[in-house]
Amino acid sequence: MTTSALDPATISGRTAVKTHAPKKRSVGGTVGRTGVWIVLLVYGLLSIIPMIWLLIAPSKTAEQLNNEPPFSFGTFANYGEAWNHLLTFQNGVIVQWLVNSVLYTVAIVAISCITAVLAGYALAATAIPLKRTLLIITLVAMIIPPVALVLPLFIEISNAQLFDTPAAVILTSSFYPFGVFLAYIYFSTSIPKDIYEAARMDGASEFATLWRIALPLSKGLFGMLAFFSFSASWVNYFLPYVLLGSAENFTLPVGLGVLFSSTPALNPGNGAQQSVIGRPEIALAGLLLAIPILIVFLISSRLLVRGVLAGSVKS
Amino acid sequence: MIAPYLVLLIAFGIVPVIVAAITSLEPSVINPGGGPLNYLQALQDFRFLPALGNVGVFLLLYVPSMLIVVALMSLLLDTVQGRWNVPLRLAYIVPASLTGATAVLVWYFLLEPTLSPYKDVLHALGITQGGQIWRAPNLAWIFALMAFFTGAGNWIVVQYGSLQSISDDILEAARIDGANAWQIGWRIKLPLIQKYVVYMGILVFAAGLQVFVEPQLISSSVYPGLASNWSLNQLSYSFAFQSNNLGGAAALSLMLLIVCVIGAVFVIFKTDFFEGAGVKEK
Chain A
1 MTTSALDPAT ISGRTAVKTH APKKRSVGGT VGRTGVWIVL LVYGLLSIIP MIWLLIAPSK
61 TAEQLNNEPP FSFGTFANYG EAWNHLLTFQ NGVIVQWLVN SVLYTVAIVA ISCITAVLAG
121 YALAATAIPL KRTLLIITLV AMIIPPVALV LPLFIEISNA QLFDTPAAVI LTSSFYPFGV
181 FLAYIYFSTS IPKDIYEAAR MDGASEFATL WRIALPLSKG LFGMLAFFSF SASWVNYFLP
241 YVLLGSAENF TLPVGLGVLF SSTPALNPGN GAQQSVIGRP EIALAGLLLA IPILIVFLIS
301 SRLLVRGVLA GSVKS
Chain B
1 MIAPYLVLLI AFGIVPVIVA AITSLEPSVI NPGGGPLNYL QALQDFRFLP ALGNVGVFLL
61 LYVPSMLIVV ALMSLLLDTV QGRWNVPLRL AYIVPASLTG ATAVLVWYFL LEPTLSPYKD
121 VLHALGITQG GQIWRAPNLA WIFALMAFFT GAGNWIVVQY GSLQSISDDI LEAARIDGAN
181 AWQIGWRIKL PLIQKYVVYM GILVFAAGLQ VFVEPQLISS SVYPGLASNW SLNQLSYSFA
241 FQSNNLGGAA ALSLMLLIVC VIGAVFVIFK TDFFEGAGVK EK
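Listed in order, the protein sequences are those of chains A and B. Letter by letter, the first sequence follows residues 1 to 315 of the working numbering. Letter by letter, the second sequence follows residues 1 to 282 of the working numbering.
With the rest of the complex left out, here is chain A (with noise of 0.2 Å):
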C-alpha cells in the first residue's frame, strides 16, 4: 500500500477533489457509460425515495394516505393538524421528548467533544505514561459497537442509583472513543511537532500551547468531532431506552417507540382505537426526528469521509 486516503493536508481539508484525466471513448464505452448512468442513478433514486414519501406523508389525511397516489401532496394545513393530534398524545408530551433530545444532545456533543480534543492533544503531543496502551484501549473501545456496552451500562447504572435520570444518559454517552482517536491523528499529523516545541522552550504551559497554539489551527477538528458526536447521541435508541424508565425523561427515538405501540396506526389490534394518533401523526414524528440529521449529513458529508477513514494515515 503506497498510497494513503488521508494525508495531513486532507484531513485539514486543504485538497480538493481530484478529476481524473479525461479518457478516450469508443463505442463499446459509450454503451458501459450509459449502463454505468443507470446503475448510479437507480440506486440514486432507491435512496432518496423513502424520504421524499417521509417528507410529504403528513401533508396528507390519513385517508389520502390510502387512497391517493403515494407522492401526491396533501395540503400543507395537514402538517398543523397532524402536530397538533400529536400534542392531544398524553398531554404533550412529545414537546418534552424534544426538549429531552436537544438537551442530552447537546450536553453531549459539548462533553465529548472537549474531552475528545484534550485526550487527542495529551496523547499526540505530550509525554504521558502509558500512551500505547492508551491508544490501543481507545481504539478497541471505538471499534467496539456501543449497543454492545448497553446491558453491563444498565448494570453499572442501576448500582450507581443514577437509573432513569438524564446524566445516566449524559455521562453515558459522553465516552467518545472515536473523538479522541480523531484528535489524536489530527494534532499529530496537521500540526507540525515543531509548533509545539517551540512554544514549549518559551515556556508555555502544555494548556497554554494547547488554547494558543493547537486549538487556533483546528476549526476542522470540531466540526468533524460533532459532526460525529451528535450524528450518534441524536438517533441513539438502546442506550436510553434501557436508562431511561419514565415517560418525561425519553428521548425523541424512544418516544417515537411509545408512540408505535400505543395507537392503532400501525396495528389495528394496538391502544386506543379512538386515538387520533394515526399514520401521518407518527410520520411527522419520525419526521421531526430525521430532519436535524439528514440536514447535518448534507451540508457536511466532506465530514463524513474524512472521519471515518482517519485511522489509516501514513506516519
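Check the hints yourself; a few may be wrong.
[Unchecked claim] Here are the simulated distance ranges between beta carbons:
{"#": "1", "chain 1": "B", "residue 1": "P87", "chain 2": "A", "residue 2": "P69", "range": "50 to 58 Å"}
{"#": "2", "chain 1": "A", "residue 1": "P216", "chain 2": "B", "residue 2": "W186", "range": "27 to 35 Å"}
{"#": "3", "chain 1": "A", "residue 1": "H85", "chain 2": "B", "residue 2": "Q81", "range": "42 to 50 Å"}
{"#": "4", "chain 1": "B", "residue 1": "Q194", "chain 2": "A", "residue 2": "N67", "range": "49 to 57 Å"}
Quick caveat, the hints were computed from the structure, so don't treat them as lab data. None of these values were measured; they are calculated from a predicted model. Ideal placement from N, C-alpha and C gives every residue a C-beta, glycine not left out.
Put chain B on the given structure of chain A with help from the hints.
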C-alpha cells in the same frame, strides 16, 4: 489534560465490563449457586440457538451484500467525475438519516402494500397485505434490508473517498498499458482500497452481531411477539428485564462483547489500517 477522558473511559468503558463480569457470576432464580453455570445456562436456554441462527442468517445476508454493493457502487461512482458526482453522493447519504426507530417506521410504510411508494411493485408480486411480508421466515431478510439501506450509502461515499487517494500516475500507467475501465477497477483500484473494505467488513459485522432496535421495535409495537427474542441482544435484554436473571444477561452480553473485542484487536494488529496511528511496536 487527559484526565476528563480517562474518567469517562474508566467509568463507562472499563468498569461496566468488570461489573458485568462480576454480575455474570452472581446467583439467579434459575441458578441459586451462581458461578460460571450462568454462562452455560445462557447458551443452553431454549431461545439461544434460534436467536444465534437468526443473527447468523442476518449476518450472511447483510455483510456480503454490504461488501459487494459498496465496493461496486463506489467504483462506479469513481468513474463519474464532474458536476453530477456531488448530487449523487448527497443522494446516497440520505438514507443514513433514517436510522433506528425512524428506519423501522419508514420500512413499515415501504412494506405496507396499502400505502407504500412501491405498492405497484408489491401488488405485482401478489402482495396485498402487510401480513404476507411480516412473517417469521422473512424477518432476517427484512432486517438485513433495513440495515443495508441505512448503512450502505454512507459507506459508498466513504469508499469513494478512499478511491480518491489513488494516485493519478498509477491509473495513467495502467491506461497506457491498455487496461480498460473494468480492468482498472477490478485489478488496480479494488486491491488498493482493500484495507478500507476489510475495515468496513469488520465494523459492519460487529454492529450486525448486536442487532437489537429493529426486531425489538417491530416486536414490541407493530406486530406483537413476531420477533421477540429474535436476536442475541434481545435475548440478553429478556434475561435482564423479563426473567429477572441479570447474571445470565451479563454472561450473554459479555460473550457477544468478546467476539467484538476479538474483531477489534484483529483490525488493530493484523491489518495495516491503523499503520500510521502509532499503536504498533516500533
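Assessment of proposed distance window 27 to 35 Å (beta carbons of A:P216, B:W186)
Since A:P216 and B:W186 have Cβ atoms about 45 Å apart, the given range 27 to 35 Å is violated.
Lying within 50 to 58 Å: is that true of the beta-carbon distance B:P87 to A:P69?
25 Å Cβ-Cβ, so the 50 to 58 Å window is violated.
Is the gap between the beta carbons of B:Q194 and A:N67 within 49 to 57 Å?
holds, 51 Å
Is it true that the C-beta distance of A:H85 to B:Q81 lies inside 42 to 50 Å, as the hint says?
holds, 48 Å
Going through the hint list in order, the structure does not satisfy hints 1 and 2.
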